[in-house]
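Going down the list, the protein sequences come from chains A and B. Per my numbering, the very first residue in the first sequence carries number 1; after that it's consecutive. Per my numbering, the very first residue in the second sequence carries number 1001; after that it's consecutive.
Calculated directly from the structure, the hints in this document are not laboratory data. Do not rely on the hints blindly, as some may be mistaken.
[Said to hold, decoys possible] Only pairs whose alpha carbons sit at most 16 Å apart, straight line, appear in this in silico EDC-like list of lysine to aspartate or glutamate: (1) B:Lys-1206 / B:Asp-1217; (2) B:Lys-1206 / B:Glu-1068; (3) A:Lys-54 / A:Asp-107; (4) A:Lys-297 / B:Glu-1075; (5) B:Lys-1031 / B:Glu-1075; (6) A:Lys-7 / B:Asp-1132; (7) A:Lys-355 / A:Asp-493; (8) B:Lys-1076 / A:Glu-258.
Chain by chain, the residues run as shown.
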Amino acid sequence: MRNPLLKRFARELRSDFGKYATIFILLTLSISFVSGFLVADNSMIMTYNESFEKYNVEDGHFRVRNALNKGQIRRIEKQGITLFENYYKDTPFDNSTTIRIFAERTDVNLVCLMNGSFPEKTDEIAIDRMFADNNGIRTGDTLVSMGKTWHVSGLVALSDYSTMFENNNDMMFDSVRFGTAIVTAEAFDLLPEASLRYCYAWKYHQPPADADAEHDLSEELMGHINSVSPMEEYVPRYMNHAIMFTGDDMGSDKVMMEFLLYIIIVIVAFVFRITIRDTVVKEASVIGSLRAAGYTKSELIRHYMAMPVAVTLFSAAVGNVLGYTWMKKICADLYYDSYSLPTYVTRYNPEAFVKTTLVPVMIMAAVTYFSLQTVMRLPVIRFLRNDLSSRKNRKAVRLPHGMPFVQRFHLRILLQNKGNYLILALGIFFANVLLMFGMALPQSLTDYENSIKDNMLCRYQYLLQLPASAADDTHRLESMMNMMMYAQKMETDNPDAEKFTAYALKTYDVPNCREEEIMFYGIIDSSRYIHQELQADDFFVSSAMADKYMIREGDTFSFKESYGDKTYTFTVTGIYPYEGAVAVFMDQQAMNRIFDLGENTFSGYFSNSEITDIDEACISTVIDEESLTKVSRQLMVSFGGMMYMVDGFSVIIFIVLIYILSKIIIERNTQSISMIKILGCSDREVRTLYMHLTSIVTVFLMAATIPAVYYVLLWIIRIMLRTMMSGWMPLDISFKTMAGMAALGWISYGAVALSESRKIRKIPMEEALKNVE
Amino acid sequence: MFLELRDIKKAYGEKENRTDVLKGISLQAEKGEFLVLLGSSGSGKSTLLNIIGGIDRPDSGEVMIQNEKLSQMNEKQLTRYRRKHLGYIFQLYNLIPNLTVRENIEVGAWLSSDPLDTDTLLDVLGLTEHQDKIPSQLSGGQQQRTAIGRAIIKNPDILLCDEPTGALDYRTSKEILKLIETVNQKYGSTVIMVTHNDAIRLMADKIIRLRDGMIRDITMNDQKVPAEKLEW
């Protein structure tokens, strides 16, 4: 015979459909989102990893001033590598973008066609899919560059440009202004010669055994190539951001997503804990009778656990189906917004199944089991006497006699439901964290972009470099001549230009922080651009750096060489107000001395006007408004879509929690409400007694948690930025954003309150006369 | 002896709040006997019944059923004991609100390896036409009959009734008493009924009067009166 208690489940579901439906929606959405994310993330990573072989991605590339002849190629290839021409032409387009155009590829760094077709005619171009998305370009559209019209034949992903780093030295990529494309070999030849870059990709015949071996091999190779032909750029694959950044970055959001899911599960588990406890109190005498009749504790615990666990399991099943179908696409699109990845194939992810199905069910089972275990431990007699209070000699809290009736009544409800209100507070806090994240981040990005524009050190910073060819250990005399020649080419007549020394060191030994390259500026005396007189022993950090690493004057900070073991420790003597970068400012002479750079060395210019008289080969990077705002622009592109999802999600959490908890409060008092109706209270008066408190508490919590949320979010974002990315962005949340958050929360509550007041109206007076045994 | 209680003592509270509810109760019952525990409110009747039922433990003394000592049983064994031997009827019916009459009765049947036939029992209880109703659709008497059905469907050795007619009117009370009498006679269950209604003693084999936690007297009733003929 089947246990007749099982028949209760369907009826329980029907009679409390609202509660289970809302919890189901919340759980299903969370699980589907996380499941979709994990599946997309895993599939993407696998596709990305496989792309190295599938698309025969280079082991590195170098650029030379002139094309290599056959002899030179043979000499270089003797080092155990095969060279492939990977020439490109950076071409400006009329929509203020630059596209790096390559000729069609057949051997190395192969191209994944994602839409349309490869170019066949000289006026056809296949552009990067992400660049096209970010600029609203579709297959069939036309693009204009220097008077020539190009027809977009298709959208592609170049396997050596999964991230759009224009230069390998760039702090951040910019997939809005910079893209890649391929054209036919014939069309490539027709492009202006001036922009032609002689880039060669290489593949090792015998791939190095490990990272150390690869490093040694590439160092050796660099010297050799340089001796064959002077280089302008040398980038082994492991140092190529355009290829490697994607792999490093993907997966770092995973922990956050899982954390989000588990917080929601725990909140829902505690909601269930309250409802179960309520049901047990309501059914105490029934439970007592069943126990008296011989039902075991574990049979009853299983019975009351079944619904929450079943709802979670069902939500997990539906969530996973949605995750694998609908959400996976949304999450994959989030990656496609940031990275130019080839078309992915969905892979079954057992980890996602465990984390989105087994773990939530286990959390739910554990929380409900332990709460039931606690209450079921009470003797049967206590159930029969309807006495489940955990405290002996329970007494009513004394309230002052002079207190007005309604206030006393509200306080009694508050005390009766303190557990509910606590969960409500936690839920509102959590939803507000999400909401603030969703609403404040876009605002912060915009504010940050504006503040950068207003607070630049100067309009242009030129970072200079000696071309790789200038240094040649084997031909010392030639090398010295080269250096002198380039030193000449680095001088400018621009009156705005001011020399500075630039040097980069990596942060060293900073706990819980991603290692990051910090730019050191050596500033001349009486600088026009840095308004701080720096003495020989001064060490100023930018306000962005002070904020990121929580540095104060007098603190010490350590750095190490990027390619060496030498470490440096400095004592901070001041903070320079500059939000544009995590940077250090020192006296130029002192800096040159400390880093052994030579007394008159300089490596960059500050200028408020463009410098046009320096050899382009000597310019490594130009830091201007566009490059400084790349970070915020890219973050907006990457996270913009996600922010709106997060907003919607927080509103759902608001509604679900407020709905369930206020429903419990009203249900708990159904008989009393019915009784006071009999006594003559109007619906409005009942609402005053039973709903106003929840309204006051909810409205209060929604506003009061915002300051706490602000600090928690600052802490979370600080940890995220410190551990996940280079650079810094101050989080500034305006009053308008906060007011918007509170308003959104109140509107959500308004919707719930309306439905609950209807429920109060429907409570019949007979309720008080029924079942009073 | 089927059931034996030896010097049962029970107190609640501590120090100045201590109340001695049972002060040394000893009694015996044979299989199939009908016992009535009489006494005023606070005399310890319900506490004694709960101790026999294994849902409360005495401070001292021993309850033995078929030579098995309840004091030596742990929580699991006590549950098994109740499951196997006992049927419980309360003054409050304690029915499961979202199960029908039939299903509420089946809740008892599920516990037994050899339950009575549900249809026959519904017929005996006069609930056949109400079997698909839920408790809130029933009168008090019908609810109590359902509770009785739930208690006796597992064919218990002992039926413990705690004021089963306490919340019912005269006519319904007699119906319930007749039913309990039938269970006692037809199925041979030992019935121990707590009541403060003096008239009910006439249907019992043994009348035990309690006062202030002690047995005032035990009377054997040789001239049992059928429930039908009881008047109060």
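Hint check results:
1. A C-alpha spacing of about 10 Å is found between Lys-1206 of chain B and Asp-1217 of chain B, which places the hinted pair at or below 16 Å, so the restraint holds.
2. Between Lys-1206 of chain B and Glu-1068 of chain B the CA atoms are separated by roughly 23 Å; this puts the pair beyond 16 Å, and the hint is violated.
3. At most 16 Å may separate the alpha-carbon atoms for a hinted pair to count; Lys-54 of chain A and Asp-107 of chain A meet this at roughly 11 Å.
4. Pair hint Lys-297 of chain A plus Glu-1075 of chain B holds up; C-alpha atoms about 10 Å apart against a cutoff of 16 Å.
5. The straight-line distance between the Cα atoms of Lys-1031 of chain B and Glu-1075 of chain B is roughly 25 Å, outside the 16 Å bound, and the hint therefore fails.
6. Between the alpha carbons of Lys-7 of chain A and Asp-1132 of chain B the distance comes to roughly 13 Å, so the proposed pair stays at or under 16 Å and holds.
7. A hinted pair counts as satisfied when its Cα atoms are at most 16 Å apart, and Lys-355 of chain A with Asp-493 of chain A does not qualify at roughly 63 Å.
8. Restraint check for Lys-1076 of chain B and Glu-258 of chain A: not satisfied, since their Cα atoms lie roughly 40 Å apart, outside the 16 Å limit.
Hint check: violations occur at hints 2, 5, 7 and 8; the rest are consistent with the structure.
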